[in-house]
Amino acid sequence: MFLDSLAMIALAYIFGFLYYGLYRNISARVHGRFGPSLAQSFFDSIKLFLKENSTNFGWMFYAGPIIMMIGAITTLLFIPYLNGSEHLVGLSQYGNLILVLYLMVLEPLGNAMGIGSNGNPFGVMGITRGLTRLIGLELPFYIAAIGLMIANHSADIGVIMTNQSEGYNAFTHPLLFIGAFISFLGFMGKSPFDVVGAPQEVYSGPATEFSGKFFAIALSQSAIFSFAKLLLMVNLFLGGAQSLVELVAKTFVLFLVAVLVGNVYARFTTAQSVEFLVRVPTGIALVGLLFV
Amino acid sequence: MPENTQEGFIDQQKVLDNEEYSIKNTQSIIQKAVDWFRARSMFVLAYGTGCGAIEMPPIFTSRYDIERLGVVGVATPRQADILIVSGYCSYKTLKRVIRSYEQMNEPKYVIGLGSCTINGGMYWDSYNTIKKLDEYLPVDMYINGCMPRPEALIEGFVKLQDNIRNAKSEAGYIQYRENNAFYRANQEKIFGKNTTPTFEENFAGMNQ
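Chains as they are written, first to last, in my numbering: chain H, 1 to 292; chain U, 293 to 500.
Honestly, I wouldn't trust all of these hints.
Here are a few chain U residues that sit away from chain H, every Cβ distance over 12 Å (derived from the structure) [what the hints assert, rightly or not]:
1) LYS306
2) SER320
3) LYS384
4) ASP426
5) GLU470
6) LYS485
Computed, partial: chain U to chain H, Cβ under 10 Å [said to hold, decoys possible]:
7) VAL326
8) TRP328
9) LEU361
10) ASP373
Computed beta-carbon distance windows for the label pairs [to be verified]:
11) U/LYS424 / H/VAL245: 54 to 62 Å
12) H/ARG29 / U/GLU443: 20 to 28 Å
13) U/GLN319 / H/VAL245: 35 to 43 Å
14) H/THR269 / U/SER320: 47 to 55 Å
15) U/SER354 / H/TYR265: 14 to 22 Å
16) U/GLY484 / H/MET60: 34 to 42 Å
Keep in mind that the hints were calculated from the coordinates and are not lab data.
Given the structure is predicted, the values throughout are model-derived calculations rather than measurements.
Beta carbons: idealized from backbone N, C-alpha and C, even for Gly.
Take the sequences, apply the hints, and build the full model.
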């Protein structure tokens with residue numbers, strides 16, 4: 001099980017950075033540029049691991065990125081990679097969807113803990129925006145998850161995944177899927193919901209005060225965490241995957257939609273994004289819940 | 293030593309270009325790999341000092357697209373590798389430049405953009421701008437011109453990457469650390485008592 005878990009983390013790390021490289025490349029093409037190489041984000045993270053740390057704000061500041069990393073890895077380990085396979089399952093037999101939803105909140109909380117102790121106004125502003133947005137993001141996603149749990153009479157991700165053999169949940173419960181998908185776009189941190197690290201407003205946002213190795217940890221956890229979120233969406237709504245190739249294809253399609261939506265739409269303000277998320281996707285998901 | 297005539301400068305350039313005089317790359321494989329990653333990924337501090345700052349935004353646009361080379365802008369000195377001193381630097385600005393530079397984490401590099409950073413340029417007789425940036429901060433790459441085009445800036449980046457990758461010259465931050473007394477003495481000539489605090493002074497302030 002240890003090797004299995006290690007392989008899951010390694011795959012998420014590689015695919016997370018590859019997808020982030022693709023995000024930069026696709027955005028560059030949308031802008032009419034060529035963009036960096038696919039592995040550029042990986043180079044950035046290695047370089048940051050080789051840089052020194054200079055600022056010291058006490059142990060709570062350093063614990064922040066580590067808790068974020070723990071949140072990302074534990075979330076990942078409780079989501080099975082493949083449908084009906086013995087490999088790449090991690091700890092998923094011991095946990096369920098409720099636990100995963102709970103662990104997904106650990107990342108912003110760890111972030112808030114680290115940022116809160118450094119006192120940088122831009123960081124505090126960024127994380128306040130992030131936690132405010134989180135309220136809006138969680139409502140539709142939780143409602144969609146509750147709908148799926150009721151429909152499948154189970155909170156086990158593996159059961160929800162295998163029950164989709166006759167039709168994906170995205171088609172049998174379309175309203176739940178739309179609600180969860182809009183929320184997922186926000187979880188990916190792209191426009192129009194990128195209020196947290198909005199470059200023209202709060203500079204680097206929560207990452208402003210992180211440097212060197214701790215910034216590299218924050219970058220790596222965001223790569224792993226975004227792959228975990230893609231994986232969760234594929235498992236819940238797109239029937240999981242029989243093989244790694246199918247998994248990459250399905251996660252890539254989801255990722256591509258998120259990137260293209262992010263490139264097309266302008267940014268909501270914090271109040272607008274919460275208002276939109278509470279009204280539109282939550283409303284859609286609630287209507288979907290009635291049909292379950 | 294060649295004289296300071298045009299021919300003399302050309303002779304000096306030949307001496308500099310001669311491989312016998314350049315630093316040999318005698319690093320271990322690990323150090324070479326580390327340098328390769330450092331050259332491949334450069335975060336530029338978004339800070340403009342003089343009129344040259346207007347030449348920096350175009351390199352990030354679709355026309356020049358410096359992100360191809362792994363160069364991106366960052367908003368905070370904590371994460372930055374490169375400080376571009378873009379053009380003339382008044383005494384007032386120099387203080388902020390030094391503070392930003394000292395907040396950056398090693399390894400860090402300085403690019404002097406424009407003639408003003410080399411010899412004062414058109415501000416050669418100004419009472420409140422510095423003439424030679426190298427006296428106050430270690431410069432890793434000069435790009436001459438008034439103003440240099442964005443292409444020149446890109447070439448400067450490429451050459452700096454080559455220098456880092458092949459360890460062609462000693463990095464400026466090491467010189468700043470080792471010859472700190474020289475740089476601080478020059479800074480104190482301008483600022484007097486208002487010079488930025490040394491590491492020890494900062495540390496003493498934190499303990500109080």
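If you test the structure against every hint from before, which numbers come out violated? Hints that this structure does not satisfy do not exist here, as all of them hold.
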